[in-house]
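From first to last, the protein sequence lines are chains A and B.
Heads up, the first sequence is in my numbering, so the first residue is 1 and it goes up one at a time.
Heads up, the second sequence is in my numbering, so the first residue is 1 and it goes up one at a time.
The set of hints was computed from the structure by calculation and includes no laboratory data.
A portion of the hints provided could be inaccurate.
Think about it this way: if two alpha-carbon atoms lie no more than 20 Å apart in a straight line, the pair counts; the simulated SDA-like pairs of lysine to any residue are [to be verified]:
{"hint": "1", "chain 1": "B", "residue 1": "K56", "chain 2": "B", "residue 2": "D44"}
{"hint": "2", "chain 1": "B", "residue 1": "K10", "chain 2": "A", "residue 2": "V53"}
{"hint": "3", "chain 1": "B", "residue 1": "K125", "chain 2": "A", "residue 2": "K78"}
{"hint": "4", "chain 1": "B", "residue 1": "K81", "chain 2": "A", "residue 2": "E185"}
{"hint": "5", "chain 1": "B", "residue 1": "K56", "chain 2": "A", "residue 2": "P47"}
{"hint": "6", "chain 1": "A", "residue 1": "K109", "chain 2": "A", "residue 2": "K78"}
{"hint": "7", "chain 1": "A", "residue 1": "K78", "chain 2": "B", "residue 2": "S90"}
{"hint": "8", "chain 1": "A", "residue 1": "K78", "chain 2": "B", "residue 2": "E62"}
Some chain A residues near chain B, calculated using beta-carbon distances under 7 Å [what the hints assert, rightly or not]:
{"hint": "9", "residue": "I5"}
{"hint": "10", "residue": "A36"}
{"hint": "11", "residue": "R61"}
{"hint": "12", "residue": "S67"}
{"hint": "13", "residue": "A80"}
{"hint": "14", "residue": "F97"}
{"hint": "15", "residue": "T104"}
{"hint": "16", "residue": "Q108"}
{"hint": "17", "residue": "L152"}
{"hint": "18", "residue": "H168"}
{"hint": "19", "residue": "G173"}
Glycine included, every Cβ here is placed at the ideal spot set by N, Cα and C.
Protein chains: 2
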Amino acid sequence: MNTPITIPLKDSYKLFNHGPVSIVTSAHGNQRNIMAASWTMPLDFSPAKVAVVIDKNTYTRELVDASGEFGLQFPMRKNAKLTLDVGDISGRDADKFSRFAINTFPAQKIAAPLIADCIGWLECKVIKQGAESMDLIVGEVVAAYADAEQFLNGRWHFSDDPQKRSIHYMAGGEFYTTGDAFTTEDN
Amino acid sequence: MNTPITIPLKDSYKLFNHGPVSIVTSAHGNQRNIMAASWTMPLDFSPAKVAVVIDKNTYTRELVDASGEFGLQFPMRKNAKLTLDVGDISGRDADKFSRFAINTFPAQKIAAPLIADCIGWLECKVIKQGAESMDLIVGEVVAAYADAEQFLNGRWHFSDDPQKRSIHYMAGGEFYTTGDAFTTEDN
Numbered sequence: 001m002n003t004p005i006t007i008p009l010k011d012s013y014k015l016f017n018h019g020p021v022s023i024v025t026s027a028h029g030n031q032r033n034i035m036a037a038s039w040t041m042p043l044d045f046s047p048a049k050v051a052v053v054i055d056k057n058t059y060t061r062e063l064v065d066a067s068g069e070f071g072l073q074f075p076m077r078k079n080a081k082l083t084l085d086v087g088d089i090s091g092r093d094a095d096k097f098s099r100f101a102i103n104t105f106p107a108q109k110i111a112a113p114l115i116a117d118c119i120g121w122l123e124c125k126v127i128k129q130g131a132e133s134m135d136l137i138v139g140e141v142v143a144a145y146a147d148a149e150q151f152l153n154g155r156w157h158f159s160d161d162p163q164k165r166s167i168h169y170m171a172g173g174e175f176y177t178t179g180d181a182f183t184t185e186d187n
Numbered sequence: 001m002n003t004p005i006t007i008p009l010k011d012s013y014k015l016f017n018h019g020p021v022s023i024v025t026s027a028h029g030n031q032r033n034i035m036a037a038s039w040t041m042p043l044d045f046s047p048a049k050v051a052v053v054i055d056k057n058t059y060t061r062e063l064v065d066a067s068g069e070f071g072l073q074f075p076m077r078k079n080a081k082l083t084l085d086v087g088d089i090s091g092r093d094a095d096k097f098s099r100f101a102i103n104t105f106p107a108q109k110i111a112a113p114l115i116a117d118c119i120g121w122l123e124c125k126v127i128k129q130g131a132e133s134m135d136l137i138v139g140e141v142v143a144a145y146a147d148a149e150q151f152l153n154g155r156w157h158f159s160d161d162p163q164k165r166s167i168h169y170m171a172g173g174e175f176y177t178t179g180d181a182f183t184t185e186d187n
């Protein structure tokens, strides 16, 4: 698996400022679940906050509401299939971690496991701010990690190998790989 | 400029489901402004809603609060510089449209102008849902358009020319081009 290095919380927005697809992990008691989420964004720098849309009818939402915690992680292209697989069945019917043989490692500040084959990870605690009526969950980031190989000196330096890069979800099973970095001077 | 074709509102989330950087336009009375925003996401399919973070201290926020409207558009790589330029000065001090010679065309359902050199455009009406304390503006999408050349049959078919593709913002003046499309069968 990739080696997660700890990222300062103030830099955690950089893990997904570019809008990659994410995977949400959750746990409460002896229950746990995993779902994909495209609708997520940073919400503040300090304290670092994230916003993620989690439908009120989902099992993930039930566990997030009950535990007040969730993990948010960013898969690499090599694991694109995982983000589709976990949407195919409900976690109420099967333990998706077992079903899809998902490798995890323990989080430090939340009970939900983190997924090994990702390149960025956030541990989040839910902040109640009245946004729940919009299916919107707001979380404060309490820990952040990134792939030691690709996140260096406070920013992504994505591999030339597209299989290691983050991905963006379109719809209907279609993704985009994160493309090449540029500045307006290169343009 | 690109030719905007009308998109059904139910498909409007597809314009930015993949997390590109956006530009917010706003107008109230004879005032108007423009700012870049990376922190934006779809919030619902039907009625189509968007969430965008607009700091309470900005001139854009003042105009959006006063008018209850905003335009949200997605630039192509060729116009990456525009997204940086409009953050360099405050709209309180200068009309950025004139300063940066920005080509616009009129929106249909909102007063704010839309920016010609983009590939996707949303006209939005603010919905008050108690999220304002988080610098979060929620809008209902009331009109949507996309570049006729690249949005076909309800989805993006990005040009092979990276200059025409959407872009994702990292930090510190760095962007990523939207990379190649793939499905898990290609992977």
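Structure-based check of each hint:
Taking the CA atoms of B:K56 and B:D44, the gap is about 24 Å. The hint is violated against a cut of 20 Å. A C-alpha spacing of about 17 Å is found between B:K10 and A:V53, which places the hinted pair at or below 20 Å, so the restraint holds. With a CA separation close to 39 Å, the supplied pair B:K125 and A:K78 exceeds the 20 Å bound. As the CA atoms of B:K81 and A:E185 are separated by approximately 9 Å, the hinted pair is consistent with the 20 Å bound.
In summary, the hint linking B:K56 to A:P47 is supported, as the alpha carbons are separated by about 17 Å, within the 20 Å threshold. Restraint check: the Cα-Cα separation between A:K109 and A:K78 comes to about 27 Å, which exceeds 20 Å; the hinted pair is violated. With a C-alpha separation of about 42 Å, the suggested pairing of A:K78 with B:S90 is violated against the 20 Å cut-off. For the proposed pair A:K78 and B:E62, the alpha carbon gap of about 44 Å is over 20 Å, so the pair is violated.
At its closest, the beta carbon of A:I5 sits 18 Å from a beta carbon of chain B; the interface hint therefore is violated under the 7 Å criterion. Violation of the interface hint for A:A36 is found here, the shortest Cβ-Cβ separation to chain B being roughly 12 Å, above the 7 Å cut-off. Interface restraint check: A:R61 against chain B, minimum CB-CB distance 15 Å, threshold 7 Å, status violated. Interface hint at A:S67: violated, since its Cβ lies 21 Å from the closest Cβ of chain B, which is beyond the 7 Å cut-off.
Because the smallest distance between the Cβ of A:A80 and any Cβ of chain B comes to about 5 Å, under 7 Å, the interface hint for this residue holds. Checking A:F97 against chain B: minimum C-beta separation of about 19 Å lies over 7 Å; hint violated. Given the 7 Å rule on beta carbons, the hint for A:T104 is violated: about 21 Å separates it from the nearest Cβ of chain B. Taken as an interface hint, A:Q108 does not check out: its beta carbon lies about 25 Å from the nearest beta carbon of chain B, beyond 7 Å.
Given the 7 Å rule on beta carbons, the hint for A:L152 is violated: about 13 Å separates it from the nearest Cβ of chain B. Because the beta carbon of A:H168 sits about 4 Å from the nearest beta carbon in chain B, less than 7 Å, this interface hint is met. For A:G173, the shortest C-beta to C-beta distance to chain B is roughly 5 Å, which falls under 7 Å, so the interface hint holds.
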